[in-house]
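Trainee: Put together the whole structure using the sequences plus the hints.
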Amino acid sequence: MKFLVLLYKEFLQFMRNRGLLIFTVYAFTLDIYLAATGIDLTLKNASFYAQDRDYSFLSRELISKFPPYYFNFKGYLMDDDQIDKVLLDDRAIGVIEIPQKFEKNIKEGKRLEVGVLVNGAEISSSYLFSAYAEQIIYTFLTGNFMRGGSWIEVRPRIFFNQNASSKVFMAYSELLTVITLFLLLLPAAAIVIEKERGNVEMLLVSPVPIEFFTTVKVIAMSILVLIFTALALFFTVEKLSGVPFHGKEIDFLLLTAAYAFTTTGLSLFIASISENMLQVSQLTILILVSVLYLSGSWTPIESMPKILQWLSALSPLKYYINGALSIAIKGRSLWELRDQIYALLILGGALFTAGTFFLKKKS
Amino acid sequence: MKWKRVWGIVKKEVKELLRDPIGLITFLFVPVSMMIIFGYGMKLEVKKVPFGVFDLDKSSLSREIAEKFKANREYFDFKGEVNSYKRGIDLITDEKIRFLLVFPPKFEEKFKEGKNTRYQAIIDGTFPYRATVIKSYVEGITVKENLDRLKLQDVLKVKSRYWFNESLNQDYIIAVGTLAVVLLISPAVFSALLIVKEKEMGSIYNVYSSPITKGEFLMGKLLAGFTISIPVFLICYGMTVLLFGVPQKGSTLLMVIGSLIYVAVSVSFGLLISNLFSSQAAAFIGTTILTVVPSVLYSGYMTPVSSMDMSGYITAHIIPTYYYLKFIKGIFFKGAPLSVLWRELAVLILFLVSVYLITYVTFKKREK
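Those protein sequences? They're chains A and B, same order as listed.
Residue numbers 1 to 363, in UniProt numbering, belong to the letters of the first sequence in order.
Residue numbers 1 to 368, in UniProt numbering, belong to the letters of the second sequence in order.
Treat the hints as calculated values from the structure; they're not laboratory data.
Don't take each hint at face value.
Restraint ranges, calculated between C-beta atoms of paired labels, are given here [what the hints assert, rightly or not]:
#	chain 1	residue 1	chain 2	residue 2	range
1	A	Glu61	B	Asp309	40 to 48 Å
2	A	Leu308	B	Glu67	26 to 34 Å
3	B	Leu234	A	Leu308	21 to 29 Å
4	A	Asn72	B	Gly238	32 to 40 Å
DSS-like cross-link-like pairs, simulated, lysine-lysine; straight-line CA separation at most 30 Å [what the hints assert, rightly or not]:
#	chain 1	residue 1	chain 2	residue 2
5	A	Lys44	A	Lys167
6	A	Lys330	B	Lys48
7	A	Lys195	B	Lys11
8	A	Lys330	B	Lys86
9	A	Lys360	B	Lys48
10	B	Lys68	A	Lys306
11	B	Lys48	A	Lys306
12	A	Lys248	B	Lys197
13	A	Lys195	B	Lys197
14	A	Lys107	B	Lys157
15	A	Lys110	B	Lys112
16	A	Lys195	B	Lys157
17	A	Lys318	B	Lys48
18	B	Lys199	A	Lys9
From the three backbone atoms N, C-alpha and C, an ideal C-beta is built for every residue, glycine too.
Mentor: Spelled out as structure tokens, the structure:
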């Protein structure tokens, strides 16, 4: 009974906080939609120019081989000054340089070199641009050059996401980030605000033990996040962004519940060392950024330095991302992912015990 | 406007922060850790990719190609051969390997008959950027193999060069981009609490009932957030130049002036949110969401603005980070003078003035 009353109080408090409600709705809808649809980490529609010193049939043919889905041909440039301009102003990702006597050398089987100038100022697309462009040019050159002899081809097939569409990944990764942000912040904020107002002192003399009080808060916030997760999954991800979901929704939510246990443990920890919201906010960002990085969603874990690879075992998001993407994209079942869940529960148990211990010690 | 009152507010906020050591330390440590984590972490490097081989041909040709992958230890990590297709797919599903090379029967036979021959690479597409990079690796190795076999490696050359100067490597670009992102998030998140904390604690009533005007109050909060954020700027700028070693071609004075205007924009944005909402949790969450996603995704930091669609292009242009990033890239990499960069500077000032004015208009010196 006590439990239900307190739970009701938390829900009511959340619903009456108009600002928080607005941003929660925004985060679980528009924010995810923006991240999913606006951004593509793979090469798409990459603007490029060509400096064609030959301007022959074959050189124009080469430019036409750049497929429009990945590339966006903007036109020909006359001199080096113009190259400078389009690259420095970030108007293009690259420029293809075709030398004089391009066609002649191909037909006569003479040495020739094609240049790919890449705008270094792009993180994700400069490498992909040069790699794709090189492939296209090499294939074109050898195709026209061939002095007989056969040819080895590779057919890459991308599994689970055939077009390697960023939308699918970005939608889920943003959802998971938002979930993490709220799970880290909400319980800590709810506890610290009671500290700031002096309510914790009142609790100390009341029959409600402090750990009971904080546990209710954690449960309340977890339930709220789960409800919003379900809404985001059905509405934002599937309906609004048109991203397919291959697994069972209930599996995803159960995994999220396990993750909520671990992450709210971290949140309790934040609450235990914070005295005011400034500290809560800064610690939340600090933990969020670390947990995000160590999860391996930016740099793959296998390419991190060894010490970070070990540390990544402590990032709950690592297990959650693996599990959640496996369910959502690969359509695996929860039972196949039980290892991730055990890891989350063990980590969560440790964090919860530590968090509650410190919280009690301090008050 | 009585500046004595304005300074009173600035002094109060600075003292309050200095008396809160945990708050102060975390406040200064957050930008440092963000610089380090984003600066090193955003490289998006794809190396040591675990892979497997399913060889149905077991010919010298298939072995030779597989060997090319195995020998490149920096990029690939050979996990072993599998004896069934299903086993290979299971390994991918299980995240044990990221791609599988499949050599069909008669792979070599076809080649010897003078026909084109083909093998498959099955790539885990869960992380799309990673998948496309792996795809480009596999295709690159195949192209090289063909050039070697046809003895064309010295005849046909495609050379990629990074433009501007050779010293401009990806680390520098990331460091400079991170500077722009951190200088938006950190001051904004700090300032987001400046007004709302007084509302939540009730001390805002002192402000309502005191003779201080709302102009003085807001200017005081703006200057307080700004003053407190100056060390953040100095630390991050220092890390960019010293830790990441980014060479700066342009004027330091211009860099400092532009950056401080940008920091003021960040502070004013935090204040606006702080003014509009009545709980610190809401203001913090709102500021975080409204700054992180746009500045990381739409400013040209992660993806080029030139390849965004129309809506992305428009979004980029309403985010101050887009202009500031252009501004500092101009200073660091091109040594551009004020005569080139005045436009970005003007837009940033416009942001500052308009956000401040919106805050001024929406701030009410009484309870709503």
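Trainee: Are the hints correct? Go through all of them and say.
Mentor: For each hint, the structure was consulted:
no.: 1; hint: A:Glu61 <-> B:Asp309: 40 to 48 Å; result: 29 Å, violated
no.: 2; hint: A:Leu308 <-> B:Glu67: 26 to 34 Å; result: 31 Å, holds
no.: 3; hint: B:Leu234 <-> A:Leu308: 21 to 29 Å; result: 28 Å, holds
no.: 4; hint: A:Asn72 <-> B:Gly238: 32 to 40 Å; result: 39 Å, holds
no.: 5; hint: A:Lys44 <-> A:Lys167; result: 12 Å, holds
no.: 6; hint: A:Lys330 <-> B:Lys48; result: 23 Å, holds
no.: 7; hint: A:Lys195 <-> B:Lys11; result: 25 Å, holds
no.: 8; hint: A:Lys330 <-> B:Lys86; result: 15 Å, holds
no.: 9; hint: A:Lys360 <-> B:Lys48; result: 46 Å, violated
no.: 10; hint: B:Lys68 <-> A:Lys306; result: 25 Å, holds
no.: 11; hint: B:Lys48 <-> A:Lys306; result: 12 Å, holds
no.: 12; hint: A:Lys248 <-> B:Lys197; result: 43 Å, violated
no.: 13; hint: A:Lys195 <-> B:Lys197; result: 14 Å, holds
no.: 14; hint: A:Lys107 <-> B:Lys157; result: 16 Å, holds
no.: 15; hint: A:Lys110 <-> B:Lys112; result: 26 Å, holds
no.: 16; hint: A:Lys195 <-> B:Lys157; result: 68 Å, violated
no.: 17; hint: A:Lys318 <-> B:Lys48; result: 19 Å, holds
no.: 18; hint: B:Lys199 <-> A:Lys9; result: 21 Å, holds
Violated hints, in rising order: 1, 9, 12 and 16; the structure is consistent with all others.
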